[in-house]
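Just need the whole structure built from these sequences, with the hints factored in.
Chains as they are written, first to last, in the numbering used here: chain A, 193 to 534; chain B, 193 to 534; chain C, 193 to 534; chain D, 193 to 534.
What the hints contain is simulated information worked out from the structure, not anything from laboratory work. The beta-carbon is built from N, C-alpha and C at its ideal position, and this holds for glycine as well. All the given hints hold, so there is nothing to weed out.
Covered stretches of chain A, as calculated for chain D (at least 3 residues, CB under 8 Å):
no., region
1, 436-442
2, 452-464
3, 467-477
4, 485-492
5, 522-529
The list that follows gives simulated cross-link-like pairs (lysine-lysine, DSS-like), each with its CA atoms no further than 30 Å apart:
no., chain 1, residue 1, chain 2, residue 2
6, D, K257, C, K501
7, C, K395, D, K395
8, A, K395, B, K344
9, C, K395, D, K344
10, C, K395, C, K282
11, D, K347, D, K314
12, B, K395, A, K344
13, D, K501, D, K344
14, A, K257, C, K257
15, D, K395, D, K344
Listed next, with one range per pair, are the computed distances between beta-carbon atoms:
no., chain 1, residue 1, chain 2, residue 2, range
16, A, Y303, B, F353, 52 to 62 Å
17, D, S276, B, A204, 19 to 29 Å
18, D, A204, C, F353, 29 to 39 Å
19, B, Y303, D, R475, 45 to 55 Å
20, D, G217, A, R475, 31 to 41 Å
21, B, A204, C, Y303, 51 to 61 Å
22, C, R216, D, G424, 49 to 59 Å
There are 4 protein chains.
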Amino acid sequence: MIIVMQVGASAAEVEVVAQVIRDRGIEPLVMPGEGRTAIGIPASLSNDLRTDLEAQISALDGVSKVTQTSHPYKLASREYFRESTIVRVKDVEIGGTQFVVMGGPCSVESYEQFRESARIVKSAGATVLRGGAFKPRTSPYSFQGLAEEGLKIMKSVGDEFGLVTITEVMSGDMVELVAEYADILQIGARSMQNFPLLIEAGKSGKPVFLKRGPSATIDEFLLAAEYVLNQGNPNVILCERGIMAYDRAYTRNVLDLGIVPVLKEYSHLPVIVDPSHGTGVARYVRAMAKAAMVAGADGVMVEMHPNPKAALSDGSQALTPAVFGEMMDDLRGLSGYVGRTI
Amino acid sequence: MIIVMQVGASAAEVEVVAQVIRDRGIEPLVMPGEGRTAIGIPASLSNDLRTDLEAQISALDGVSKVTQTSHPYKLASREYFRESTIVRVKDVEIGGTQFVVMGGPCSVESYEQFRESARIVKSAGATVLRGGAFKPRTSPYSFQGLAEEGLKIMKSVGDEFGLVTITEVMSGDMVELVAEYADILQIGARSMQNFPLLIEAGKSGKPVFLKRGPSATIDEFLLAAEYVLNQGNPNVILCERGIMAYDRAYTRNVLDLGIVPVLKEYSHLPVIVDPSHGTGVARYVRAMAKAAMVAGADGVMVEMHPNPKAALSDGSQALTPAVFGEMMDDLRGLSGYVGRTI
Amino acid sequence: MIIVMQVGASAAEVEVVAQVIRDRGIEPLVMPGEGRTAIGIPASLSNDLRTDLEAQISALDGVSKVTQTSHPYKLASREYFRESTIVRVKDVEIGGTQFVVMGGPCSVESYEQFRESARIVKSAGATVLRGGAFKPRTSPYSFQGLAEEGLKIMKSVGDEFGLVTITEVMSGDMVELVAEYADILQIGARSMQNFPLLIEAGKSGKPVFLKRGPSATIDEFLLAAEYVLNQGNPNVILCERGIMAYDRAYTRNVLDLGIVPVLKEYSHLPVIVDPSHGTGVARYVRAMAKAAMVAGADGVMVEMHPNPKAALSDGSQALTPAVFGEMMDDLRGLSGYVGRTI
Amino acid sequence: MIIVMQVGASAAEVEVVAQVIRDRGIEPLVMPGEGRTAIGIPASLSNDLRTDLEAQISALDGVSKVTQTSHPYKLASREYFRESTIVRVKDVEIGGTQFVVMGGPCSVESYEQFRESARIVKSAGATVLRGGAFKPRTSPYSFQGLAEEGLKIMKSVGDEFGLVTITEVMSGDMVELVAEYADILQIGARSMQNFPLLIEAGKSGKPVFLKRGPSATIDEFLLAAEYVLNQGNPNVILCERGIMAYDRAYTRNVLDLGIVPVLKEYSHLPVIVDPSHGTGVARYVRAMAKAAMVAGADGVMVEMHPNPKAALSDGSQALTPAVFGEMMDDLRGLSGYVGRTI
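Rendered as structure tokens:
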């Protein structure tokens with residue numbers, strides 16, 4: 193941790209900061225600098241101590257800025273766990289050599305629609321089946337999902353086809369219910385900082401698929417993962433799904449593929465890319481799914497609907513079964529190149 | 193609603209869109225245009241019908257873009273309720289001629305700290321007392337609040353000083369508990385799209401103080417309010433608290449004061465500005481509180497701590513009691529100018 | 193300057209960094225820290241030396257990040273010049289106690305239109321007359337201005353009414369021409385980092401009105417000012433005019449009023465706010481002009497057109513003469529409150 | 193073009209808008225709608241007429257919004273030119289089946305450094321040599337380039353190795369000079385809306401490499417290209433180089449790869465990706481160069497320095513010769529997969 197004093201901070205102000213550090217048993221390094229003084233803390237601090245010290249020091253007179261020299265997350269950090277985490281769900285390994293494709297409709301709309309989706313997903317060679325039962329919708333007037341009925345359909349269909357299932361859970365008090373039916377708990381982008389939900393998902397021990405918030409920094413993203421990990425649940429999967437940007441005329445979001453190698457360097461957790469929400473436009477999904485694979489992602493989550501034109505939600509970003517199959521062929525073709533199986 | 197076709201869309205594709213509209217009993221207006229055709233729907237649509245039609249049409253072949261010509265929110269709209277809403281809590285009127293100052297510490301840290309805060313808030317002339325009992329913290333290692341113990345302290349101190357109280361509720365299943373103790377339920381920026389929470393807060397009938405998400409558009413913000421209103425709860429207060437921006441070196445967020453006249457034009461709901469989170473720096477709060485008043489806000493929410501240097505959270509943005517008093521004097525001085533009482 | 197090493201950087205890598213610093217005659221402070229080592233440079237560095245060192249060190253093996261502990265600008269900094277700069281143009285003082293209103297149309301369209309604009313500006317009590325002769329237009333198909341003919345009209349009209357004139361210059365090779373006619377050279381938002389232009393404007397010695405780029409950080413903004421100052425021209429006026437944001441449905445830009453107290457703290461240069469471009473909507477300009485005054489700005493630049501409905505550019509954000517007059521009354525009413533004259 | 197009226201706009205206000213359209217000889221379609229009226233213009237408009245009408249109508253009373261249903265650019269549009277443009281420079285074809293790699297240092301620092309760069313670029317199999325002679329630097333205290341001396345070095349070295357050369361030109365009055373030495377004129381991100389420069393570059397007839405501005409929308413980007421095309425110069429190459437985003441802690445910019453399929457759909461111009469500036473971190477360049485190829489780009493521009501640790505600018509994002517060679521091998525390996533040669 194480095195504290196930079198304001199220009200013109202008095203010697204007494206510098207000394208107050210130094211003393212606060214000494215009170216914790218650490219001898220600070222005081223560096224008079226270019227018009228302003230910096231103070232370094234040459235010691236390993238626990239997360240708690242660091243947080244306390246930062247809060248305390250940043251309110252002192254004469255302090256301009258407190259800079260952390262290490263990252264605020266720990267359990268999510270590759271500095272902490274060197275080995276890449278592999279999340280195992282039934283026979284699917286997320287984060288290993290397998291490139292995992294998660295496919296399915298935005299929403300579970302009916303047994304027939306969802307069974308047909310599963311059939312297509314399975315026959316195209318994907319291994320994880322997605323579908324929303326509880327839908328977070330920006331407008332209260334949009335279709336809100338089939339709720340528990342949707343979960344039952346999902347479980348039944350997943351079992352029939354031998355597919356791992358994933359669905360979103362929107363609040364802590366629903367974790368138990370959703371965990372009963374689904375294999376993987378999805379935490380949506382809008383819920384990335386729903387801390388009670390993160391904690392409950394952590395306690396459940398179930399694999400947690402955490403989507404990056406639309407304006408979340410990388411530190412915030414990994415700290416959200418930290419909430420889950422901190423409950424003793426190591427099965428966290430990170431998902432980039434596009435960030436909020438200033439041009440929404442052509443795509444819904446900006447897919448930040450550059451985060452893939454960054455997350456791979458700083459964290460040991462698996463990284464999935466969602467090009468469907470990342471672009472919001474079905475005809476750009478295929479190109480971005482391939483780019484995600486080449487950029488180093490461990491898999492993709494892609495919306496596919498048996499009949500996008502009749503979809504009750506997000507029809508404009510869902511692939512048709514035919515295009516989904518072509519995307520799978522693309523990815524299979526590329527997989528050898530990146531040393532992956534599919 | 194206007195549908196713009198892709199360039200080169202065939203007559204047959206245009207006809208399919210037109211037929212979908214006719215199937216709803218509306219005669220579309222087809223406008224061949226500059227290289228592409230647009231199709232207008234010259235009718236009032238219910239929210240449900242509009243949402244359905246948009247989902248259905250946007251997945252049709254040859255469709256480039258579906259544009260709404262009216263706003264997606266209804267109950268939050270001034271088109272719907274012409275009169276400005278006044279939210280009455282005890283003897284405080286939010287949205288009327290009174291300029292409402294909500295002051296207090298980030299967190300309830302102890303009975304002594306919070307009672308002293310209330311004393312200062314009261315004696316400076318503010319009418320609403322804020323303080324967090326459940327704290328949404330980016331890091332799991334930061335101070336998380338005193339929970340129910342904090343709520344009890346808040347209620348006891350609020351009653352003693354005759355101050356209206358406001359505190360954050362973080363999930364739907366805690367609404368009942370928080371509503372038992374606090375006068376106003378705050379929904380934090382990170383929870384703006386926590387839909388189960390919005391629905392429960394709506395059902396509670398309590399005044400709901402809704403903070404804008406860090407990257408929420410105005411439509412998303414008003415649709416979040418719509419979730420609460422749609423439960424039959426008309427007591428929604430909007431709060432601008434700064435948006436995520438690309439320069440975080442000098443201020444934590446960018447306070448978007450221009451949203452104040454926009455919200456006042458498009459919505460009938462009261463608008464409060466939070467310059468503490470909006471800037472993240474105590475020494476800019478006073479200037480921005482005044483600017484908020486002049487821009488047309490109905491009040492401000494400001495962090496004040498009896499001793500910011502000892503604060504367990506957000507000390508760097510909390511005003512000292514002395515500066516809080518000066519800010520109140522500033523606002524009183526300006527209030528006549530804007531035709532407000534304080 | 194603080195150098196933070198990567199986790200696991202070797203002692204040899206740390207030593208290479210330390211040696212590079214020692215080679216410049218400075219003894220580095222090495223701070224082994226939380227899993228990673230930081231290295232401080234406890235000395236005042238010239239701008240050149242700092243820039244060199246940063247470039248050199250950031251490419252060394254094992255280095256994670258190089259952080260500056262002081263700001264990259266110098267001549268623009270209040271650390272350098274404690275006194276607030278007042279830019280004097282004829283009898284107008286920008287940055288002093290006078291609150292300066294710059295009004296006029298987006299473009300000089302004709303002698304009649306511009307003379308009528310000047311008459312209104314003058315009679316409302318404003319002191320600076322704006323109007324574009326060379327217009328930077330996003331589309332090549334938009335009206336591009338009257339060029340030198342426009343400059344002549346501006347000069348003639350400015351002289352007639354005794355108004356200081358300001359107009360935009362778009363490239364370095366046009367500085368001489370524009371400087372011949374106008375009192376203040378405006379550098380537009382899109383040109384903020386047009387470095388050859390900044391240098392020529394600096395050499396001209398004329399007052400330079402520098403608009404912040406739509407996504408410029410504060411450091412970038414002040415470094416652009418530094419280019420002008422560095423040519424020996426102290427007459428720089430900063431202008432906030434709204435930044436690019438993700439919601440453009442209601443306003444064209446987000447007016448960042450929070451930058452006003454920041455600029456006043458870190459720089460000695462005068463600060464003007466442009467609520468016309470900052471919002472892009474005429475009916476929000478009045479509220480934001482008042483908010484700018486209260487936030488501490490030294491003046492505002494506002495678009496006014498004798499007949500906005502007939503304007504050749506930006507008609508939707510121009511005030512009518514009547515509303516411009518009302519805004520002037522508003523500002524006069526508030527001026528006493530902020531200790532300004534108008 | 194669609195005009196949406198304000199709620200409560202009077203019949204008279206609607207009629208004024210309709211009459212303005214009729215005055216241009218077009219019969220408007222008036223659509224009374226959900227609380228508000230929309231007015232469609234069912235005709236092809238010239239760019240000039242459209243711009244005029246938009247300016248005029250948006251200032252009329254009762255008008256809420258004017259929406260374009262077609263894109264504002266024309267010559268850059270694939271609607272206008274169906275065939276993909278191939279820019280031919282010597283024996284290099286940009287936009288054809290060849291995947292073009294542009295490599296070289298940020299700056300031409302000396303004859304030796306640049307000749308060595310060219311040797312490495314050539315031997316690795318790249319065909320275009322980049323290097324800055326005039327450098328746009330955020331700070332006036334940073335290295336500003338060798339100017340004409342740098343151009344001479346570039347030309348001599350390019351000729352020696354048979355490499356096409358590209359370098360940045362920063363202002364209109366320097367186009368002639370730079371065009372004398374370089375094969376391709378680069379217009380930097382900060383200059384994307386330097387309209388006098390765009391016009392001069394257009395007049396030169398030379399191939400123009402146009403970088404997207406850090407916060408440019410796609411429409412603004414293609415309108416900048418339109419300025420060049422509108423001078424009769426069809427040789428424009430588009431370059432995505434990362435956009436400004438809110439998290440700059442790990443990468444300098446966010447590389448927007450999703451723009452590649454968008455540009456390919458809406459424009460006929462070649463698209464190059466610059467992963468060096470797009471990430472700002474050398475160790476992420478390789479992954480993003482491959483992702484760019486797979487996403488459909490026509491080539492990449494990559495910074496390589498014979499000795500990044502000694503670079504006078506941007507050393508932290510330059511590849512070493514060894515990694516540059518590995519990237520070329522990667523791209524060659526992938527090229528068959530995407531049906532390209534390299």
